[in-house]
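A.B. asks: Protein sequences appear in the order of chains A and G. Under this note's numbering, the first residue of the first sequence is numbered 1, with each subsequent residue one higher. Under this note's numbering, the first residue of the second sequence is numbered 1, with each subsequent residue one higher.
Just to be clear, a hint being listed does not mean it is correct.
Unchecked claim - Once the Cα atoms are required to be at most 20 Å apart in a straight line, the calculated SDA-like pairs of lysine to any residue come out as: (1) A:Lys102 x G:Pro39; (2) A:Lys105 x A:Ala82; (3) A:Lys97 x G:Leu45; (4) A:Lys97 x G:Arg68.
Stated by the list, open to error - Derived coverage of chain A by chain G (criterion: at least 3 residues anywhere in the stretch with Cβ under 8 Å from a Cβ of chain G; other residues may be distant): (5) 38–48; (6) 98–110.
Claimed, not checked - Chain G is nowhere near these chain A residues, computed Cβ spacing over 12 Å in every case: (7) Ile13; (8) Gln14; (9) Gly16; (10) Arg62; (11) Ser71; (12) Ala78; (13) Thr84.
For the record, the hints were derived by calculation from the structure and aren't laboratory data. In this text, all values refer to a predicted model and were calculated from it rather than measured experimentally. For glycine and all other residues, C-beta sits at the position ideal for the given N, C-alpha and C.
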Amino acid sequence: SQQGEEDPQALSIQEGENATMNCSYKTSINNLQWYRQNSGRGLVHLILIRSNEREKHSGRLRVTLDTSKKSSSLLITASRAADTASYFCATDGGSEKLVFGKGTKLTVNP
Amino acid sequence: DAGITQSPRHKVTETGTPVTLRCHQTENHRYMYWYRQDPGHGLRLIHYSYGVKDTDKGEVSDGYSVSRSKTEDFLLTLESATSSQTSVYFCAISEAIGVKEQYFGPGTRLTVT
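With the rest of the complex left out, here is chain A:
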């Protein structure tokens, strides 16, 4: 069963706009990770946020984590056409294996 569920399933925006994707999960976690997948490629790790952290930044990426709501969000600011990809959250669910959500497909139109 999926531990993380991303929302929305698909998102289409214009270049320069911000993109926000959400992830909800079910059980306690040690950390939550976000990955990007370009079409036809493997997943690429973007950012890891630990359960005792509330916010983390990496370049144009901002991740928040609310453990009380069991949710996380990924914000991409000033989006570019090259940000077009699918984005996945992954949680450890307190266990030793990562469980991935089904992903949000982001399209950034030039």
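Based on these hints, arrange chain G on the given structure of chain A.
C.D. replies: Quick look at chain G alone, frame taken from chain A:
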């Protein structure tokens, strides 16, 4: 890209035939994983390895076996391929399980006819 290769990259096979997919890493990472990715299901863990000859089952292990005789190689075998195993298979590696990021290979697209 992390030093992970998968072979073959594409394969078409017939139902009932055995198939072996290979994952090779040059990073000397202890943990290796096999996932399958299907529309509507996201990425699901098939098997993983936490060391040479040490493997364990994931969420969707039925119909699959794995072997790891060397740190750098992790093999996924479909003993008798079925059409439901048509999928894209990804190998991943990590330094530590769970709490560390995983690095993914380019994937193998398998079609079972």
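A.B. asks: Checked against the structure, which of the hints given earlier come out wrong?
C.D. replies: none
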